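Visitor: Sequence order for the protein chains is A and B. In terms of the working numbering, the first sequence opens at residue 1 and continues consecutively. In terms of the working numbering, the second sequence opens at residue 1001 and continues consecutively.
None of these hints come from the bench; they were simulated from the model. Bear in mind that the values here come from a model prediction, so they are computed numbers and not experimental data. Don't take each hint at face value.
Claimed, not checked - In silico EDC-like cross-links for lysine to aspartate or glutamate, where the CA-CA straight-line distance does not exceed 20 Å:
#, chain 1, residue 1, chain 2, residue 2
1, A, Lys214, A, Asp203
2, B, Lys1127, A, Asp231
3, B, Lys1127, A, Glu77
4, A, Lys214, A, Asp238
5, A, Lys142, A, Asp180
6, A, Lys142, A, Asp153
Claimed, not checked - Which chain B residues face chain A? A few, computed with CB under 8 Å, are given here:
#, residue
7, Glu1191
8, Leu1192
9, Phe1199
10, Pro1202
11, Pro1213
Cβ coordinates follow ideal geometry from the N, Cα and C atoms, glycine included.
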Amino acid sequence: MPAVHAEGLFKVFGRRTAEAVDRLRDGASVADVRERGATPAVIDVSFTVEPGEIFVVMGLSGSGKSTLLRMLNGLLEVTAGTVHVGEAELTALDDKALRRLRQEQMSMVFQHFALFPHRSVLDNAAYALEVRGVDRATRRAKAQEALALVGLDQWADQKPGQLSGGMKQRVGLARALAADTDLLLMDEAFSALDPLIRREMQDQLLELQASLGKTIIFITHDLNEAMRLGDRIAIMRDGRVVQIGTPDQILEAPADDYVQQFLADVDRGRVFTARHVMVEAPTLVAPAAAPAHVLQAMQEHRSGSVLVGDGDGRVAGVATEDAVRAAVATGAPSLAGLALLPPVDVRETTTLSDLLAPAAQDDVPVTVVDDDGRLLGVVPRGAVLAALGGIPRPAPSAAPAPADPVGATAVAMKETIRG
Amino acid sequence: MAETVFRAAEDAALPQIPVGDWIDSGFDWVTENFAPVFDVISDGTEAGVEGLRDALLFPPSILLAVALAVLGGVVRSVRFAVVSLLGLLLLISMRMWEPAMATLALVLVSAVIAVAIGIPIGIAAAKSDRVSAALRPVLDFMQTMPAFVYLVPAVTFFGIGLVPGVVTTIIFAMPPGVRLTELGIRQVDQELVEAGHAFGSPPGRILRGIQLPLALPTIMAGVNQVIMLALSMAVIAGLIGAAGLGGVVVTSISRLDVGLGFEGGLSVVILAIYLDRLTSAFGQQRGRLGAIPSFLSRGGSVGKGGLAASSRSADAVTPVGADQNSPNRPAR
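Excised from the complex, chain B in its bound form (with noise of 0.2 Å):
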């Protein structure tokens, strides 16, 4: 107690800057003038999110379970789906399938809205190293902010439930999608860039022709990332009042119910493999997914080759930095 004191008596050598007054009022004011922008906000948010789980509760949950497995065959190996299969029918034997659904619903919704928000900002820091070093604080203070914190201004402004937790889990899960682009775009071959302008490409055509294709493999990394971090946010977010597994979670601790705390948690895991596995798969180009980039760069050939190729992530990755005699940067 004495030190303490102390302490507060040191401390008084510099003046008090009421960091949290100033955010406390900030908010406040925005609150008070922007509430009808935050409930257009809210009410979308919430029917996208809801009408989004009431979808996936709508056909039997065996035959979604199924479908899901089969989706992942496709997508990744017959082994996968026999393990997704028989985790998604636990979480159906743990009655825990409805929760699950309502989770997929928040995390799917949080992360094509930080997707869609995220790449466009990411190929814009690509371009500029102006925008980057701008962004890159802002990145890390959303990652490393404990999300505890914006939870409450979240509530704040959206009430307790369903939204709030939709925007936070969006502002955590954000970041490595931005960085994974930037990284993805910045990393392709500068000459392939050059010769675009070379060929007098203008610049959206080499973005859309050799840019992104190239940087696929990154870029889907990053919505993987994207992803796991929505899925670990949606679960936080059941403390304010976010229904789904993140709800079960919460009743569990206050109750201090062990079993149904871990029923919920590894439901969370099932959840969290399978939507990893399926993604990592998208971003590897495993499979029958080869087709992808060369669609992307409009008027490849998505022919006979285009769906065969697979061995193609070793080209993808062309050497960087090859050297070069003189300093190489188109100039337009």
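Next up, chain A with everything else stripped away, as it sits in the complex (with noise of 0.2 Å):
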């Protein structure tokens, strides 16, 4: 079941809107529609929204996306087409129904914060509970606690009037959130914000996402908030959706040329993180094997360094050609006490931007591991550059093949980088 499917859906603003809709669906052009008095804003739009998912709308000032989210919760009604929350087919319910629906599957969060400055910062964030009819004593708590889940407990008793921008907004996300809702509705929440305290509460929505698990539907003109947000981007261009899909398939393919400009201003390095440009994890070298052998194998690869695992999945650490010679050399009958590199370790969600630094050190590879520290997968140092360079990534077939068990991915890494 998805969360919110919505299916032909038609926004027109005017006189005869009927026809109009008609019109556009006998592919007459806005501007015919227009001559005639009606004004579309959404035109012929459809999507599902599957429960879990950021679901971004991206698009520039009147290409009609807030006129589409308005139409989601019923605040506008649409022309034509049906939105279904749930189970429950939202154009089709009365005014009555339609209240409850908004109390309690729906909550939104707006551009200017729309708090009330008359109420206190916990009054506000109890605001959906109290429409409900939820007593005072629990909606307080339930609104203490969403505070605290933003980061402002402490200033539940002030009027919004004191906060900064960037406060008043997670207050608009703390009444949301106290609401309970499996429906997030998110118009332009952070557009209004300056850079910096937009990137934080980027990472705050991402992190209460983890833990919570809503369904967000978010509204944006900004490509890199939609990149950076979403798990799939609806891009939307005087009223039509031109393309929907994972940020890495509208890089990879955009839909038309409208979408190709938009892709130039992305800031790659902050959208594509490690998990986009890393290939498959090596098995690692045992701590046990024979120092001539794990050297004989990098020759025949041509590689510089070797991962030595520590026998659990974690990089121990790094061991280089120079050191592996060298035990060969004394003759130790395994890496076991071969001085090792410490490991270059990144997370899947870690930047490119982020990912130059340790990408630039010489023989250590950058490897990619998960919350237990257990290896995912290395990043080659050209892929980081090729990414950044907006050249496509290689087909799976390019990747390294099965790995042995001395290091081919080194080996692989390697030959990257010298191709």
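Fit chain to chain and form the complex, with the hints in mind.
Guide: Shown next, in the form of structure tokens:
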């Protein structure tokens, strides 16, 4: 069951709207319809949002994205089409049922915060619960919890006027979170904030989302924001959706020149992460392996270093060719006693711009590890530059061959650099 | 003389429309058929105004003057309390206390009725563009029609005395109450109203919890204007026999008594200044009145924060017409 399903949505303002929809369906142009006194804002939009997904609608001013959002919770009546929220067909509900649906299943965060200046921060956060009829003690407790989630529990008794912009929007977010609805609509929620605060809020949203798992529909005009936040992105232009896809899909195959133009402005260093450029994790070299054997394999693959494991899937360190050669010379039975270089660890979510410095270190490959420190993959240095430069990723077949016991990835990595 | 005849001949090109005659016969019909209704209104109003006047005159004048001054001090400032006490004592010394209290009673009753009718009409006008458009000419009519013109029909309906004074005062004083209520509600940031809708608030709750509290400063400015207009009209009502300061002024005119007229006029000014400063303090939420808006929004905490906060008037006027990239009219 999708969280939200929109089918053939139209919103036309002005006169003779139904006729305008028919004409648009028959392929009339927007200019054509405008001449007859109707202003189409949203034209034939369909999409499905799955539970737990962050679905971003991206478009410039006047592209109809805010209008679209307001049709999803019935603030604007659709001219044609249907909206399903969970099991309910929102577009078929009467006023009372619609209010109930809004109270219980959806909440909204606004561009200009829309906090009530005459209510305290706590009472703002508790608003949705108050409307729902939750008793005073419970709603205050829940609102306090929501404020704690966004780090504002100290400010509960203040008035919104005493807060900064970023804090105000955190209250706006807390108000939506306190409602504890599965669906969160965010209308340009961070657009009014300055860049530093905006980034902070994006991080906070992603963090909260990781633990709360809401379904979020996020409106923005900023493609960088869309790429950072979105599991999937719908790009709107002049009321129509021109492309829906994951950030990768959109970056790799923009639907048309319009999307392509947008992508030119994307800060790839901040959009792409290690996840996009890493290649398959190699099998780690066991500390017990014989140095001579390892050295031979390295020379065969013309590899400068190997990753030495700790026997539990983690990287203990990196052995360079020189170190292995020295071990062979001293006749050491295994790599165990070897002085290893510390591994350079990054996370899957590390952005390319943060990868540049680790990738610049010679000899030591950049390893991508999960929360427990287990190896997920390595980042070929060339891949970082290629991704920054907008060169498409190599097809999976170009990825390194299945790893042999002796650091095939390190080998592949060297080759990538030389190539 | 010759010119007038010439002009009349020129006008004869258009048929004469006897608007005056129609109004006359209309009023006659209403007077004949609705006499009992007017009697009830008349009795009720008279009882109200006279009751209030008697109540105002019941305590010793100096005691009431001090009480009014203290009220001013609580609502506004100590300085205002001192100045108003001096003014009110001057009223007593001029032996104008009794007519001043009669006028005050008339003004308060008229203003309360005007506000009680005007605010709901203003709310209706804010909710519907059609009501607003229909109302505008009516309000213009009420405000600009020379007051003397509707003194006459008021007398035909209610006879000479207090009641027609109250009725004309209500008609004259109501428009700013309606207009400023409408303005105040329309000025509330649309995004806030939208937020109410988005969380599933019913319209009545949005009105009580969001629109009215935020429109309150503007509405109170309207109430202030209603009271001021009521005071100016109450003096004119003296012409048709309403007692009080209006009566004093009318008497002084008929006797060409400059001194008495000046005393009456000065008393009106003192009352006016007192009422204006007092009610505008409510509108600006100075002093200890900050709690009113949160009291209005049920469920708002009128706790420690409510009473202390006075810096609120700045936030109350949130930016209107904030940039939106689509027309946002809540549909339901």
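Visitor: Decide, hint by hint, whether the structure agrees.
Guide: Quick rundown of the hints versus the structure:
1. Lys214/A x Asp203/A: holds, 15 Å
2. Lys1127/B x Asp231/A: violated, 41 Å
3. Lys1127/B x Glu77/A: Holds: Lys1127/B and Glu77/A sit about 18 Å apart, inside 20 Å.
4. Lys214/A x Asp238/A: Violated, at about 29 Å.
5. Lys142/A x Asp180/A: With a Cα-Cα distance of about 9 Å, the restraint between Lys142/A and Asp180/A holds, given a limit of 20 Å.
6. Lys142/A x Asp153/A: holds, 11 Å
7. Glu1191: holds, 4 Å
8. Leu1192: holds, 5 Å
9. Phe1199: Holds: closest Cβ of chain A sits about 4 Å from Phe1199/B, inside 8 Å.
10. Pro1202: OK, holds: Pro1202/B within 8 Å of chain A, min 6 Å.
11. Pro1213: With a closest approach of 5 Å, the Pro1213/B hint holds.
Violated hints, listed in ascending order, are 2, 4; each of the other numbered hints is respected by the structure.
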